[in-house]
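Hey, can you work out the whole structure from these sequences and the hints?
Protein chains: 4
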Amino acid sequence: MLLKELRTQVLEANLELVKRGLVLYTFGNASGIDRDKGLVVIKPSGVDYDELIPEFMVVTDLHGKIIDGKLKPSSDLDTHTLLYREFPSIGAVVHTHSEFATSFAQAGLAIPPLGTTHADYFYGPVPCTPPLTDEAIGGRYVHETGLAIVNYFQQNKIDPLAIPACLVNGHAPFCWGKDAHHAAHNAVVLEAVAKMAYNTLTLRSECAGVSQSLLDRHYFRKHGAKATYGQ
Amino acid sequence: MLLKELRTQVLEANLELVKRGLVLYTFGNASGIDRDKGLVVIKPSGVDYDELIPEFMVVTDLHGKIIDGKLKPSSDLDTHTLLYREFPSIGAVVHTHSEFATSFAQAGLAIPPLGTTHADYFYGPVPCTPPLTDEAIGGRYVHETGLAIVNYFQQNKIDPLAIPACLVNGHAPFCWGKDAHHAAHNAVVLEAVAKMAYNTLTLRSECAGVSQSLLDRHYFRKHGAKATYGQ
Amino acid sequence: MLLKELRTQVLEANLELVKRGLVLYTFGNASGIDRDKGLVVIKPSGVDYDELIPEFMVVTDLHGKIIDGKLKPSSDLDTHTLLYREFPSIGAVVHTHSEFATSFAQAGLAIPPLGTTHADYFYGPVPCTPPLTDEAIGGRYVHETGLAIVNYFQQNKIDPLAIPACLVNGHAPFCWGKDAHHAAHNAVVLEAVAKMAYNTLTLRSECAGVSQSLLDRHYFRKHGAKATYGQ
Amino acid sequence: MLLKELRTQVLEANLELVKRGLVLYTFGNASGIDRDKGLVVIKPSGVDYDELIPEFMVVTDLHGKIIDGKLKPSSDLDTHTLLYREFPSIGAVVHTHSEFATSFAQAGLAIPPLGTTHADYFYGPVPCTPPLTDEAIGGRYVHETGLAIVNYFQQNKIDPLAIPACLVNGHAPFCWGKDAHHAAHNAVVLEAVAKMAYNTLTLRSECAGVSQSLLDRHYFRKHGAKATYGQ
Numbered sequence: 005m006l007l008k009e010l011r012t013q014v015l016e017a018n019l020e021l022v023k024r025g026l027v028l029y030t031f032g033n034a035s036g037i038d039r040d041k042g043l044v045v046i047k048p049s050g051v052d053y054d055e056l057i058p059e060f061m062v063v064t065d066l067h068g069k070i071i072d073g074k075l076k077p078s079s080d081l082d083t084h085t086l087l088y089r090e091f092p093s094i095g096a097v098v099h100t101h102s103e104f105a106t107s108f109a110q111a112g113l114a115i116p117p118l119g120t121t122h123a124d125y126f127y128g129p130v131p132c133t134p135p136l137t138d139e140a141i142g143g144r145y146v147h148e149t150g151l152a153i154v155n156y157f158q159q160n161k162i163d164p165l166a167i168p169a170c171l172v173n174g175h176a177p178f179c180w181g182k183d184a185h186h187a188a189h190n191a192v193v194l195e196a197v198a199k200m201a202y203n204t205l206t207l208r209s210e211c212a213g214v215s216q217s218l219l220d221r222h223y224f225r226k227h228g229a230k231a232t233y234g235q
Numbered sequence: 005m006l007l008k009e010l011r012t013q014v015l016e017a018n019l020e021l022v023k024r025g026l027v028l029y030t031f032g033n034a035s036g037i038d039r040d041k042g043l044v045v046i047k048p049s050g051v052d053y054d055e056l057i058p059e060f061m062v063v064t065d066l067h068g069k070i071i072d073g074k075l076k077p078s079s080d081l082d083t084h085t086l087l088y089r090e091f092p093s094i095g096a097v098v099h100t101h102s103e104f105a106t107s108f109a110q111a112g113l114a115i116p117p118l119g120t121t122h123a124d125y126f127y128g129p130v131p132c133t134p135p136l137t138d139e140a141i142g143g144r145y146v147h148e149t150g151l152a153i154v155n156y157f158q159q160n161k162i163d164p165l166a167i168p169a170c171l172v173n174g175h176a177p178f179c180w181g182k183d184a185h186h187a188a189h190n191a192v193v194l195e196a197v198a199k200m201a202y203n204t205l206t207l208r209s210e211c212a213g214v215s216q217s218l219l220d221r222h223y224f225r226k227h228g229a230k231a232t233y234g235q
Numbered sequence: 005m006l007l008k009e010l011r012t013q014v015l016e017a018n019l020e021l022v023k024r025g026l027v028l029y030t031f032g033n034a035s036g037i038d039r040d041k042g043l044v045v046i047k048p049s050g051v052d053y054d055e056l057i058p059e060f061m062v063v064t065d066l067h068g069k070i071i072d073g074k075l076k077p078s079s080d081l082d083t084h085t086l087l088y089r090e091f092p093s094i095g096a097v098v099h100t101h102s103e104f105a106t107s108f109a110q111a112g113l114a115i116p117p118l119g120t121t122h123a124d125y126f127y128g129p130v131p132c133t134p135p136l137t138d139e140a141i142g143g144r145y146v147h148e149t150g151l152a153i154v155n156y157f158q159q160n161k162i163d164p165l166a167i168p169a170c171l172v173n174g175h176a177p178f179c180w181g182k183d184a185h186h187a188a189h190n191a192v193v194l195e196a197v198a199k200m201a202y203n204t205l206t207l208r209s210e211c212a213g214v215s216q217s218l219l220d221r222h223y224f225r226k227h228g229a230k231a232t233y234g235q
Numbered sequence: 005m006l007l008k009e010l011r012t013q014v015l016e017a018n019l020e021l022v023k024r025g026l027v028l029y030t031f032g033n034a035s036g037i038d039r040d041k042g043l044v045v046i047k048p049s050g051v052d053y054d055e056l057i058p059e060f061m062v063v064t065d066l067h068g069k070i071i072d073g074k075l076k077p078s079s080d081l082d083t084h085t086l087l088y089r090e091f092p093s094i095g096a097v098v099h100t101h102s103e104f105a106t107s108f109a110q111a112g113l114a115i116p117p118l119g120t121t122h123a124d125y126f127y128g129p130v131p132c133t134p135p136l137t138d139e140a141i142g143g144r145y146v147h148e149t150g151l152a153i154v155n156y157f158q159q160n161k162i163d164p165l166a167i168p169a170c171l172v173n174g175h176a177p178f179c180w181g182k183d184a185h186h187a188a189h190n191a192v193v194l195e196a197v198a199k200m201a202y203n204t205l206t207l208r209s210e211c212a213g214v215s216q217s218l219l220d221r222h223y224f225r226k227h228g229a230k231a232t233y234g235q
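Protein chains in written order, with the numbering used here: chain A, 5 to 235; chain B, 5 to 235; chain C, 5 to 235; chain D, 5 to 235.
Some hints here could point you the wrong way.
The list makes no distinction among identical chains, and a pair is therefore deemed to hold if it is satisfied within one copy or across any two copies.
[Said to hold, decoys possible] With a straight-line cut-off of 30 angstroms between C-alpha atoms, the simulated DSSO-like cross-links for lysine-lysine are:
| no. | residue 1 | residue 2 |
| --- | --- | --- |
| 1 | K226 | K74 |
| 2 | K8 | K69 |
| 3 | K230 | K76 |
| 4 | K182 | K76 |
Keep in mind the hints are simulated off the structure, nothing from the lab.
Right, dumping it as structure tokens:
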């Protein structure tokens, strides 16, 4: 894949967030990685979405060193690069403050798998990290944000592609996927799933959620060697 | 009716779901049946709604055997065909993951008749099936989903045209009607009714709902030999 | 005013309901009255909003006898005509199943005056009628619906122009105003007020609402001889 | 800056409120100030937003005396001018009845800082004033509304630019900023923050909110000498 093509894919993923109502003003950011070249392409910081063109995307290495681009990269860059370093299977990262997913993050609650819409995309609860310590917040904060996600997934032995999203406590969701298109798609579905989980829990707080067998059935309908969904 | 006409009707019912905000990406599906020919026309699986044309609709027999069409049918086909076999009065089936109806399904709750909007369309609670057993989920799952609906209606002696919708526990609603237009219309109204029921119950959990006489009055205003609504 | 002009005003009021998202499909209806001629102009029953033209509006006398028009009038006609007969100060009536106002009606709850938005338009709680008896429902139901509204206002000595709306228990709101434009405007504001009351009460159920002096200040800022709002 | 330019900026801020769904009909108003000339430019009262042109903006002095303009100024003018007199650092004021911020005002509740979206814009809770006394309501009401805001900020030693918004009890929010663009932007973000706070608190009422260190980190990422966000 040419880097030019990746810039376009990353731009399109950013614009998909706008189209689906997940971002306000300059909130949110999407990035993608070229694993062969070890290069990350990310949205610039604080630029209006309707002014974005592929050339404005910033290119960095896996440690955030700028390789190409005249604009400053997203202020969340260090979270993105850490996720790329620690989750070698992912090809793109998306961060939004989408309303309902962010509300769960603010409540410090994971999004439990309450239905098959969830199970089609997320093979278990979408976790919420523990709050960052004052030390972590006062230190390399953006890096620590990524570390909270990575630690949670590694300590709980979760495959990042099986649950391609995490809520950062008191903050908002980060999502990912095999490429920029899928990462944005996952962010959009996460918001829909979060909204329905909110409705369900406020309607019936003691709701048990789907059984393991229903989770298995729906997740593997869309994922893995035996997937049957689509053409 | 020509099969070509049915393909167009089924396509239009699918697009109505998009227009009314009931589906996201490739979620949801609508089908219709030609009772004389015993043929079912259904949306293909996982194709973007804005790419759909009548020719993409898949034609099967009443047991899901593909008669015409190059694409794979909706993965929910076996639920549709079972409903057609067991509910001989219905002419179309619509499945969505529309937000509020799905939230009731996730909570495992029927939608009670709380007002005349409900009574105009659904002559009693819109039921929610019991959860599927692990055996059913591990077996012919899509067929079992239809069976849970059919069993509920038959055991409770409910006329499928009097309550043209059912929530599948932990999943989402299935709706139907005399033709594709009405099935989609019922799905749209079900979502509006579910949203208002959510608001009502979160505002006043002990809400009693409409009386039998109000249910009768409104339902028979729009249905049956003495209907007075419309031209 | 010419009847032709009234037909246009009534049509525009109906279309305002669509534009503001208060009605779905053919739900809802607006009417207006020419007091000099004693003629009511009302939307026809069950006709799509985008097909409506002024000529389709149905003209009746104050007891619902059709004077002009080839279509059947709205099935809620008898409620409209009763309101015109009993509330001589009103010039138009609007009925919708708008989501949040209907949710209060379904809960059997009045909308309390919780803020100045409410006070700007409604000089006190927007009441909810008691449930209709089975006898009333089984009898002249549409007339009885209007009677429940009229009785409530008369027994509680409420000026219909000071509180230009009422919730019908288990059903939905009826609104009115000095003309069709204002009646539709009141229906739109009622929905906004109902939505904010829902949010407020679910956030803090014991909320006290505005004081009588704040209610007075805001209401009379927009109404009566000392109004200061607008040009 | 020419006064003509300020008129245009104030008009654009008013229109931004419409575009973002914060105002209904003629609700809401925005103003800006030319500190050198001591002149305030404000929206006229009760004029439809789609009829507004820069020339319709009304120019007053800091005590509300009309200097230029044929239309009556917004009925909230006295609140705006008091804020300008008492908060010398602000350059614009915006008032809306936006749904969720107004719902908190109706509940008489401050919006607590529950997440980083809040912390990016508001360095602490967005306060809610105590209810106005009957005397204040019966007196110079619009002036007293501003006084309630000013008193709260001064007694609690809050920098108006650090928390550029306040809820008026039983009424709605007032927001401000260094110029009209930022004041409108703050009003839009306040509504998003209020909506997420509503969701969070109805999901988990005992939610603690962000730590002081997280509040510091996010607020100073976007504000002050060490800000890193944007280009």
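Okay, the hints, checked on the actual structure:
For a Cα distance limit of 30 angstroms, the shortest separation of K226 from K74 across copies, 21 angstroms, qualifies, whereas the shortest one inside one copy, 40 angstroms, does not. When the C-alpha separation of K8 and K69 is checked against a cutoff of 30 angstroms, the pair qualifies only within one copy, where the shortest distance is 19 angstroms, while the shortest distance between copies is 45 angstroms. In this homomeric assembly, K230 and K76 come within 30 angstroms of each other (Cα to Cα) only across copies, at 15 angstroms, whereas the closest approach inside a single copy is 43 angstroms. With identical chains, the CA atoms of K182 and K76 are at most 30 angstroms apart both within one copy (25 angstroms) and between copies (24 angstroms).
When held up to the earlier numbered hints, the structure conflicts with none and fits them all.
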